[in-house]
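Here is how the chains run, residue by residue.
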Amino acid sequence: MKILGSEITPYKTYLNRRKFIKGSLASAMLATITSSAFANHDSDLSIYTKNLNENDKLNSYEEITTYNNFYEFGTHKKHPHLNSGNFKPRPWTIKIDGLVKKPQTFDLEKILSNVTIEDRVYRLRCVEAWSMVIPWQGFQLSELIKMAEPLSSAKYVQFVTVFRPEEMPGQQKRTIIWPYREGLRMDEAMNPLTILATGLYGHEMPNQNGAPIRLVVPWKYGFKSIKSIVEIRFLDTQPETSWETLAPWEYGFYANVNPNVNHPRWSQGTERRIGEFKRRETLMFNGYEEEVAHLYKDLDLTKFY
Amino acid sequence: MFSTRNFNRSKPVLFILILFPSLLWAYQFVTGNLGVNPIEKLMDELGLMALRLIIITLMITTLSNIRPLKSIVVLRRMIGLFAFYYVCLHFSTYIVLDHFLDMQFIIQDIIKRPFITFGFISFLFLIPLASTSTNNMIKQLGFKLWKKIHYLIYPVAILASMHFYVLVRADKTEPVIYMGIIILLLLHRIFKRLTRPQLAQ
Numbered sequence: 347m348k349i350l351g352s353e354i355t356p357y358k359t360y361l362n363r364r365k366f367i368k369g370s371l372a373s374a375m376l377a378t379i380t381s382s383a384f385a386n387h388d389s390d391l392s393i394y395t396k397n398l399n400e401n402d403k404l405n406s407y408e409e410i411t412t413y414n415n416f417y418e419f420g421t422h423k424k425h426p427h428l429n430s431g432n433f434k435p436r437p438w439t440i441k442i443d444g445l446v447k448k449p450q451t452f453d454l455e456k457i458l459s460n461v462t463i464e465d466r467v468y469r470l471r472c473v474e475a476w477s478m479v480i481p482w483q484g485f486q487l488s489e490l491i492k493m494a495e496p497l498s499s500a501k502y503v504q505f506v507t508v509f510r511p512e513e514m515p516g517q518q519k520r521t522i523i524w525p526y527r528e529g530l531r532m533d534e535a536m537n538p539l540t541i542l543a544t545g546l547y548g549h550e551m552p553n554q555n556g557a558p559i560r561l562v563v564p565w566k567y568g569f570k571s572i573k574s575i576v577e578i579r580f581l582d583t584q585p586e587t588s589w590e591t592l593a594p595w596e597y598g599f600y601a602n603v604n605p606n607v608n609h610p611r612w613s614q615g616t617e618r619r620i621g622e623f624k625r626r627e628t629l630m631f632n633g634y635e636e637e638v639a640h641l642y643k644d645l646d647l648t649k650f651y
Numbered sequence: 427m428f429s430t431r432n433f434n435r436s437k438p439v440l441f442i443l444i445l446f447p448s449l450l451w452a453y454q455f456v457t458g459n460l461g462v463n464p465i466e467k468l469m470d471e472l473g474l475m476a477l478r479l480i481i482i483t484l485m486i487t488t489l490s491n492i493r494p495l496k497s498i499v500v501l502r503r504m505i506g507l508f509a510f511y512y513v514c515l516h517f518s519t520y521i522v523l524d525h526f527l528d529m530q531f532i533i534q535d536i537i538k539r540p541f542i543t544f545g546f547i548s549f550l551f552l553i554p555l556a557s558t559s560t561n562n563m564i565k566q567l568g569f570k571l572w573k574k575i576h577y578l579i580y581p582v583a584i585l586a587s588m589h590f591y592v593l594v595r596a597d598k599t600e601p602v603i604y605m606g607i608i609i610l611l612l613l614h615r616i617f618k619r620l621t622r623p624q625l626a627q
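First to last, the sequence lines map onto chains A and B.
Residue 347 is where the first sequence starts when you use our numbering, and the numbers rise one by one after that.
Residue 427 is where the second sequence starts when you use our numbering, and the numbers rise one by one after that.
Rather than coming from a laboratory, the hints here were simulated on the basis of the structure.
From the three backbone atoms N, C-alpha and C, an ideal C-beta is built for every residue, glycine too.
Check the hints yourself; a few may be wrong.
As the list claims (entries may be wrong) - Derived lysine-lysine pairs resembling BS3-like cross-links, with alpha carbons at most 30 Å apart:
hint, chain 1, residue 1, chain 2, residue 2
1, A, Lys624, B, Lys467
2, B, Lys538, A, Lys649
3, A, Lys423, B, Lys598
4, A, Lys519, B, Lys565
5, B, Lys565, A, Lys424
6, A, Lys649, A, Lys424
7, A, Lys434, B, Lys598
8, A, Lys643, B, Lys538
Stated by the list, open to error - Examples of chain A residues toward chain B, derived with CB under 10 Å:
hint, residue
9, Trp476
10, Lys501
11, Trp589
12, Asn606
13, His609
To be verified - Across the chosen pairs, the derived CB separations fall in these ranges:
hint, chain 1, residue 1, chain 2, residue 2, range
14, A, Lys501, B, Ala556, 53 to 63 Å
15, B, Ile521, A, Arg626, 14 to 24 Å
16, B, Ser518, A, Asn432, 40 to 50 Å
Kindly produce the complete structure, drawing on both the sequences and the hints.
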């Protein structure tokens with residue numbers, strides 16, 4: 347698999363490394379005031395870069411954390427960075443319900459002690475035709491699905507974002523119907539590329555990127571990768587999703603990155619990689635064709651966009 | 427009561443005030459201080475400025491109906507030309523920086539995407555307005571014909587605000603405010619025509 351950091355790091359090692367990186371931040375800031383406060387994130391890049399495609403370069407921590415679409419904190423790209431300071435990602439629980447053996451609510455800490463945290467360096471392609479390369483830390487969604495014990499009748503998974511208008515100022519206005527909802531087909535959810543991310547660049551997930559836990563589905567447009575998840579439901583019918591409900595002629599349930607299916611507002615043939623001057627060609631399934639194309643061999647992708 | 431001289435005197439200050447943002451953004455762009463996605467940011471700022479200036483020219487016409495502000499109309503040409511200046515910068519950013527002169531792609535984009543179609547037509551309609559803005563042109567064309575040409579500002583304003591409205595993904599408050607202002611200003615003109623047709627001539 348290209349661009350996939352397959353290095354497996356046990357959770358304890360991951361925690362230790364996180365502390366180390368935090369420690370180096372303090373010393374780096376003491377050492378020099380001229381270097382950017384984010385310099386420490388780039389100090390040990392080899393962990394992430396060794397599995398990169400030759401065409402791809404990591405985006406900086408600053409780029410990844412100051413240019414976000416997270417309408418819960420406002421509709422401008424800089425709003426999530428500016429407005430997410432009051433959000434409290436701990437303590438956190440995730441409710442599991444729908445077609446499962448036993449509906450239950452998991453403590454996030456309990457989930458984390460039962461999974462393997464890995465580094466995954468993925469391309470993220472936004473439907474607005476820009477993209478980034480992001481070093482996530484997280485675990486395969488399939489691990490949590492196994493813990494949830496869905497019934498065999500479960501064909502879809504729905505995800506729900508937290509609703510806290512007092513901490514998320516964007517939710518005080520009905521720009522979209524809150525809470526944000528997303529969904530996947532069961533085989534998409536079980537695919538090894540699909541992860542629940544809890545960190546990036548070795549840090550706990552920043553609030554503006556979907557703290558404390560978010561979905562990452564790298565072959566789909568970014569809006570599928572729902573942030574700050576509090577509920578996961580197992581269903582036998584295709585769940586409704588936020589953007590599809592708002593504008594079904596623009597956004598479909600599948601939302602696979604596809605340069606051949608046009609969007610009424612943005613050509614999907616090319617994209618701007620953040621940090622680059624010229625546009626680049628958009629790759630089918632965002633370059634993950636080998637890993638996921640088989641999921642859609644019987645699907646007309648122009649109809650089910 | 428403000429005289430023509432008062433307004434004429436304010437022109438140099440206005441000129442610098444309206445020109446300044448474009449110089450600032452150009453400087454920020456070149457020095458890498460226009461954020462994480464500078465081309466998008468530059469294009470958005472230039473376009474928004476152009477739309478606001480177009481609306482201001484419509485407002486000036488309405489304000490000049492108020493007796494003490496009658497002479498404000500002397501500012502309209504300069505602001506209208508600045509609107510054209512910002513539209514040109516906005517459009518060239520799209521052509522050169524965003525798409526690197528890939529004309530085949532750009533033509534497809536203009537045809538296929540309604541919001542770009544609206545913006546492009548709006549730009550085309552502004553060209554005859556800008557090119558007939560000199561005193562000499564008014565004389566050559568005759569005031570009546572010149573005025574007819576300049577009614578193009580109405581479709582320009584409507585299309586430009588639609589261009590912005592369609593572009594925004596979810597929170598449409600700002601484009602709706604602009605559209606509302608444009609509609610009010612147009613309604614005022616229609617009302618004036620119906621009630622006092624002799625003045626409209």
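Hints and how they fare:
About 15 Å separates the Cα atoms of Lys624(A) and Lys467(B), which keeps this hinted pair within 30 Å; it holds. Restraint check: the Cα-Cα separation between Lys538(B) and Lys649(A) comes to about 18 Å, which is no more than 30 Å; the hinted pair holds. Of the pairs offered as hints, the one joining Lys423(A) and Lys598(B) holds, with about 15 Å between alpha carbons and a cut-off of 30 Å not exceeded. Only pairs whose Cα atoms come within 30 Å are accepted, and Lys519(A) paired with Lys565(B) is rejected, the gap being roughly 53 Å.
Between Lys565(B) and Lys424(A) the alpha-carbon distance is near 50 Å, which puts this suggested pair outside the 30 Å criterion. Distance restraint check for Lys649(A) and Lys424(A): the Cα-Cα separation of roughly 34 Å exceeds the 30 Å cut-off, and the hinted pair is therefore not satisfied. For the hint pairing Lys434(A) with Lys598(B), the CA-to-CA distance comes to about 29 Å; that is within 30 Å, so the pair holds. Between Lys643(A) and Lys538(B) the CA atoms are separated by roughly 28 Å; this keeps the pair inside 30 Å, and the hint holds.
Below 10 Å, beta-carbon pairs count as interface contacts, and Trp476(A) has one with chain B at about 6 Å; its hint therefore holds. A least Cβ separation of about 29 Å between Lys501(A) and chain B goes past the 10 Å threshold, and the interface hint is therefore violated. Because the smallest distance between the Cβ of Trp589(A) and any Cβ of chain B comes to about 9 Å, under 10 Å, the interface hint for this residue holds. Interface hint status for Asn606(A): violated, as the beta-carbon distance to the closest one in chain B is roughly 13 Å, over 10 Å.
Interface restraint check for His609(A): the shortest CB-CB distance to chain B comes to about 9 Å, inside 10 Å, so the restraint holds. Evaluation of the 53 to 63 Å hint for Lys501(A) and Ala556(B) yields a pass: the beta carbon distance comes to about 59 Å. In this structure, Ile521(B) and Arg626(A) meet the distance hint of 14 to 24 Å, their C-beta atoms being roughly 18 Å apart. Between Ser518(B) and Asn432(A) the beta carbon distance is about 42 Å. The supplied range of 40 to 50 Å therefore holds.
Of the numbered hints stated above, those contradicted by the structure are hints 4, 5, 6, 10, 12, listed in ascending order.
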